[in-house]
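Visitor: Chain A is already provided as a structure; the job is to place chain B on it using the hints.
Read off the chains here:
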Amino acid sequence: MAITFEQVNFSYGAGTTLAQRVLHDITVDMPTGKVTAIVGQTGSGKSTLIQHINGLLKPTSGQIRIDDFELTASTKEKELVNLRQKVGIVFQFPENQLFANTVLEDVMYAPLNFGATKDAAKLEAARALNRVGVSEDLWGKSPFELSGGQMRRVAMAGTLASNPSVVVMDEPAAGLDPKGQTELLSIVLELKKLGKTIIFISHQMDHVVAVADQVVVMNEGRVVAKETPRQLFNRELSWFQTMKLDLPKAGQLAEKLKDKGVTLSRRPLDLGELAELINQEVGHE
Amino acid sequence: MNNIMIGRFVPGHSWVHRLDPRTKMMITFVYILVMLWANNWQTYAWATLFVIGLVRLTGQPFKLYWDGLKPIFWLILFTVILQLLFTPGTPVLFSIGPLRVTVPGILNAVYVMVRFVLIILMSTILTLTTPPTSIANALESLLSPLKKIGVPVAELSLMLAIALRFVPLLMDETQKIMNAQKSRGMSFSTGGPVKRAKAIIPLLIPLFVGALQRALDLANAMEVRGFKDAVQRTKYRILSYQKIDQVAFLALGGFVVIFLIIKTVIHG
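Sequence lines, in order, name chains A and B. Residue numbers for the first sequence follow the working numbering, beginning at 1 and rising by one. Residue numbers for the second sequence follow the working numbering, beginning at 1 and rising by one.
Be careful, since some hints might not be right.
[What the hints assert, rightly or not] Label pairs and their calculated CB-CB ranges:
no., chain 1, residue 1, chain 2, residue 2, range
1, B, VAL10, A, HIS24, 40 to 50 angstroms
2, B, PHE62, A, THR32, 43 to 53 angstroms
3, B, THR79, A, ASP68, 49 to 59 angstroms
4, B, THR79, A, LYS244, 27 to 37 angstroms
5, B, ASP217, A, ASN279, 19 to 29 angstroms
6, A, SER61, B, PRO71, 29 to 39 angstroms
7, A, THR32, B, ALA211, 36 to 46 angstroms
8, A, PRO178, B, GLN213, 23 to 33 angstroms
9, A, ARG21, B, PHE86, 44 to 54 angstroms
10, A, SER61, B, PHE78, 37 to 47 angstroms
11, A, LYS179, B, ALA211, 24 to 34 angstroms
12, B, LYS70, A, ARG222, 30 to 40 angstroms
13, A, ASP68, B, PRO61, 39 to 49 angstroms
14, B, GLN232, A, ALA174, 12 to 22 angstroms
If you are wondering where the hints come from, they were derived from the structure by calculation, not from laboratory data. These figures come from a predicted structure and were not determined experimentally. Glycine residues also receive a C-beta, built at the ideal position from the N, C-alpha and C atoms.
Chain A extracted, bound-state conformation (with noise of 0.2 angstroms):
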């Protein structure tokens, strides 16, 4: 499912005294199977961006179209329960979200809300729970047993259940060890082997190169950029100065190599490509 912002505009509290603009006319899409990274400092306004592809918010002014849904400032609560069920938003430390007796169940609560079966339920959650990589011993525990990263893949599960086609994660990888990380950029790399539309919002410019489609700058409430990682991580260093954004760990290095005189010929992506340039660097000489 695609998904376009149109001209959005969103404030909180809007139409009283203490209304706070936090998003200003984005206007921006999100192709059907893409990984797209949204990526900006603190407080540009991502997490309430997000918000707005399952209706949480609705946009004050303008309108996003998810596949053949309109959402407006006047969509009724009644009508986004469908959207719910395509949309699946995994939320910054998601496992504050886990509730239920036992691992299974606590997955299956998703399907369940949205009119499947019982035995249907289990499958769905087996399959999600399989799916990020926990083990069958640890379904009949209590989900406050488990380590942070388990508790973290069940929550993941229990978005997944649902099986959405568009996947919406809120840094992701915060908080896990570098083994979780990979893991989880994995899972997000087979997510989109699966189709699934995926959006997801991140600091780690590593994570950023490693998986996505387009990244979507956001500054101040406002969309600066969209492009390609190559693109985007080819543009002037002052530029990433303004929008307080780091370059891949390649890029850096790339930049340090240029301080001490040896200038490559284009910002690398990754390690692999960084040691490709410098290899070529080498053999001219």
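Guide: Same frame as chain A, but now just chain B:
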């Protein structure tokens, strides 16, 4: 969640904001006490005038006060209806079975409503213009004589301060968990009462788990910074009365004296 106004502090620089929190607390206390003596419309009018004057002095839009009144609307309505239906007296306007609407009943209902609204407004003035930590400090200072008879005043006020600090945090947390469960298809507004009550479980359990976790974290953070109970602590902010507080006490005294004069003269 943002519309819950109870105990919300709005920073400002008005006269009322600058008063010592103890002064504000005592004024609120005395005012509520005096309100219990109000018995005719002239006294209520005078008390209303005093509150309106104070509200104006805080420099906050009236909408904030209105938001503070809204949550207890049903409580007020309930009390008013009770007064309206069960006050004995004459003349009786009409009656259905044991229920009688009488003229004193209507009068009583109006008085009770006004009394309620005024007391809430007065407490809203206190919480709107005083940061929660100052309220806790003021309470500690005002109750400090009780230390002599072994009441752990400092600990109680610390507990109060922490509880107040947790209110916005927990509201935030509630909003987050609600968003997560709504995304998983939770709905509060369908089904019968049992189903609705059950629908709250996925909200309450994470909230309790989170609150306990936070409390443990806070306890640890306090302990590693050397917190011990039952020791004499010094204060970062030392409360001291200023000239403005003397003026406020004079105003309060004036209010009470005039109130008592109105009450006795008109009654007598």
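Visitor: All the hints need checking, so say for each whether the structure fits it.
Guide: Structure-based check of each hint:
1. In this structure the supplied range 40 to 50 angstroms is violated for VAL10 (chain B) paired with HIS24 (chain A), their Cβ-Cβ distance being about 26 angstroms.
2. For the pair PHE62 (chain B) and THR32 (chain A), the supplied restraint of 43 to 53 angstroms holds, since their beta-carbon distance comes to about 51 angstroms.
3. Between THR79 (chain B) and ASP68 (chain A), the C-beta spacing of about 52 angstroms keeps the proposed range 49 to 59 angstroms intact.
4. Checked against the hint of 27 to 37 angstroms, the pair THR79 (chain B) and LYS244 (chain A) fails, with Cβ atoms roughly 55 angstroms apart.
5. At roughly 49 angstroms, the beta-carbon separation of ASP217 (chain B) and ASN279 (chain A) lies outside the given 19 to 29 angstroms, and the hint is violated.
6. Roughly 30 angstroms separates the CB atoms of SER61 (chain A) and PRO71 (chain B), a value that falls within the hinted 29 to 39 angstroms.
7. Checked against the hint of 36 to 46 angstroms, the pair THR32 (chain A) and ALA211 (chain B) passes, with Cβ atoms roughly 41 angstroms apart.
8. In this structure, PRO178 (chain A) and GLN213 (chain B) meet the distance hint of 23 to 33 angstroms, their C-beta atoms being roughly 25 angstroms apart.
9. Between ARG21 (chain A) and PHE86 (chain B) the CB atoms are about 51 angstroms apart, so this pair conforms to the stated range of 44 to 54 angstroms.
10. Restraint check, SER61 (chain A) to PHE78 (chain B): a C-beta distance of roughly 40 angstroms satisfies the suggested window 37 to 47 angstroms.
11. At roughly 31 angstroms, the beta carbons of LYS179 (chain A) and ALA211 (chain B) sit within the given window of 24 to 34 angstroms.
12. Range check, LYS70 (chain B) to ARG222 (chain A): Cβ separation about 35 angstroms, and the 30 to 40 angstroms hint holds.
13. At about 43 angstroms, the beta-carbon gap between ASP68 (chain A) and PRO61 (chain B) stays in the expected band of 39 to 49 angstroms.
14. A beta carbon spacing of about 42 angstroms between GLN232 (chain B) and ALA174 (chain A) contradicts the range 12 to 22 angstroms that was offered as a hint.
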